[in-house]
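This is what each chain is made of:
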Amino acid sequence: MLFEYVLKTSKMQEFVNLDHYLKDAIEKSNIKSGKLLVYCPHTTAGITINENGDPDVKRDIIETLNQVYPIHGNYKHFEGNSHAHIKSSLMGVEKQLIVHEGKCILGTWQSVYFCEFDGPRTRKIYVLVEAI
Amino acid sequence: MLFEYVLKTSKMQEFVNLDHYLKDAIEKSNIKSGKLLVYCPHTTAGITINENGDPDVKRDIIETLNQVYPIHGNYKHFEGNSHAHIKSSLMGVEKQLIVHEGKCILGTWQSVYFCEFDGPRTRKIYVLVEAI
Amino acid sequence: MLFEYVLKTSKMQEFVNLDHYLKDAIEKSNIKSGKLLVYCPHTTAGITINENGDPDVKRDIIETLNQVYPIHGNYKHFEGNSHAHIKSSLMGVEKQLIVHEGKCILGTWQSVYFCEFDGPRTRKIYVLVEAI
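Residue numbers (my numbering), protein chains in the order written: chain A, 19 to 150; chain B, 19 to 150; chain C, 19 to 150.
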């Protein structure tokens with residue numbers, strides 16, 4: 019079953035926790051065992067799976083990416099947001115998870131995040147849940 | 019259904035649009051709803067999903083990766099193409115897409131690209147289309 | 019079919035070949051044609067697909083990532099391993115492979131690796147094999 023969710027980001031760059039969307043999709047699909055695909059249809063955002071404990075981890079990832087791929091770098095793209103396109107390709111826009119006993123298999127410290135690199139904007143994600 | 023396509027890259031580094039291969043695979047499989055996996059069996063190339071409008075975005079990604087991971091860096095690998103191996107791991111070699119109403123769900127500005135980092139070469143991709 | 023494997027890493031940073039685990043999962047599932055998902059439930063490790071020939075490639079990837087994302091960088095995360103979280107997001111924690119004629123489709127030089135960035139530790143991977 020295919021689900022579509024709209025989210026509003028509130029900063030230029032931030033990681034938004036998607037776990038409750040994934041939970042919602044699994045519950046609505048009523049699938050207990052299978053797979054879940056999260057897909058981001060944007061080119062200046064991405065999806066990553068990382069630490070949900072200390073929020074400084076998300077901050078460190080965003081800040082370090084800014085140091086390596088500067089917001090105002092030597093880019094040609096006329097919109098001036100090439101840094102966000104690069105980060106989108108680095109994080110990727112799709113992640114595949116295993117659904118087991120009615121929920122995603124995630125490590126103790128793992129959550130799934132929408133990575134906003136050129137916000138704030140209204141964004142969309144697709145979640146596909148399939149039984150196996 | 020599994021498809022195999024051969025492509026020839028023409029530069030040392032370039033992003034080749036794969037959209038027509040994916041379209042071809044979906045049409046031949048006659049699958050309307052499901053998933054599509056693109057797989058690159060090479061270690062100095064990758065697959066990414068990014069902007070298909072301004073070609074400067076692709077240029078900016080390639081050039082920025084060259085600045086961060088220099089072509090002639092301090093590498094030990096005897097073939098001298100370690101920069102390409104690193105970029106392959108960063109972009110990834112497999113991407114999973116959703117097939118809906120007979121085509122891949124892609125954002126307005128998204129296309130799927132083969133990332134050549136050590137060309138020009140004759141390369142291969144696999145496309146697996148499955149119904150759900 | 020879902021499999022779980024435990025592995026012990028022996029260095030702070032290393033790439034551990036996972037090919038024999040994938041082979042084991044495919045044989046036990048007795049699936050000849052389908053897909054295989056490798057999932058890493060850790061936030062300071064990842065999964066990548068890269069060269070299995072010259073071991074200097076793995077070394078070059080690890081060393082170059084250390085140059086770009088220093089182990090002792092300017093990080094806020096109290097555990098002091100932010101570099102490992104960043105590398106985890108860059109490599110990704112899940113990879114999807116095609117199973118064909120009873121084995122994973124891999125290029126001549128490709129193997130699947132567990133990327134340890136904050137070891138040595140006892141780690142876990144999940145392998146899901148599905149028929150198509």
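If you're looking for bench data, these hints aren't it; they were derived computationally from the structure. A couple of the hints might just be wrong.
In this list, chains with the same sequence are indistinguishable; a pair is considered to hold if it fits within one copy or across any two.
Restricting the straight-line Cα-Cα distance to at most 25 Å, the calculated cross-link-like pairs of lysine-lysine (BS3-like) are [what the hints assert, rightly or not]:
id : residue 1 : residue 2
1  : Lys50     : Lys29
2  : Lys29     : Lys142
3  : Lys121    : Lys50
4  : Lys121    : Lys142
5  : Lys142    : Lys46
Here's how the hints hold up against the structure:
1. Lys50 to Lys29: Cα proximity of lysine 50 and lysine 29: none, with 35 Å in one copy and 37 Å across.
2. Lys29 to Lys142: Within one copy, since 16 Å is at most 25 Å while 35 Å is not.
3. Lys121 to Lys50: within (7 Å within a copy, 27 Å between copies)
4. Lys121 to Lys142: both (22 Å within a copy, 18 Å between copies)
5. Lys142 to Lys46: within (18 Å within a copy, 30 Å between copies)
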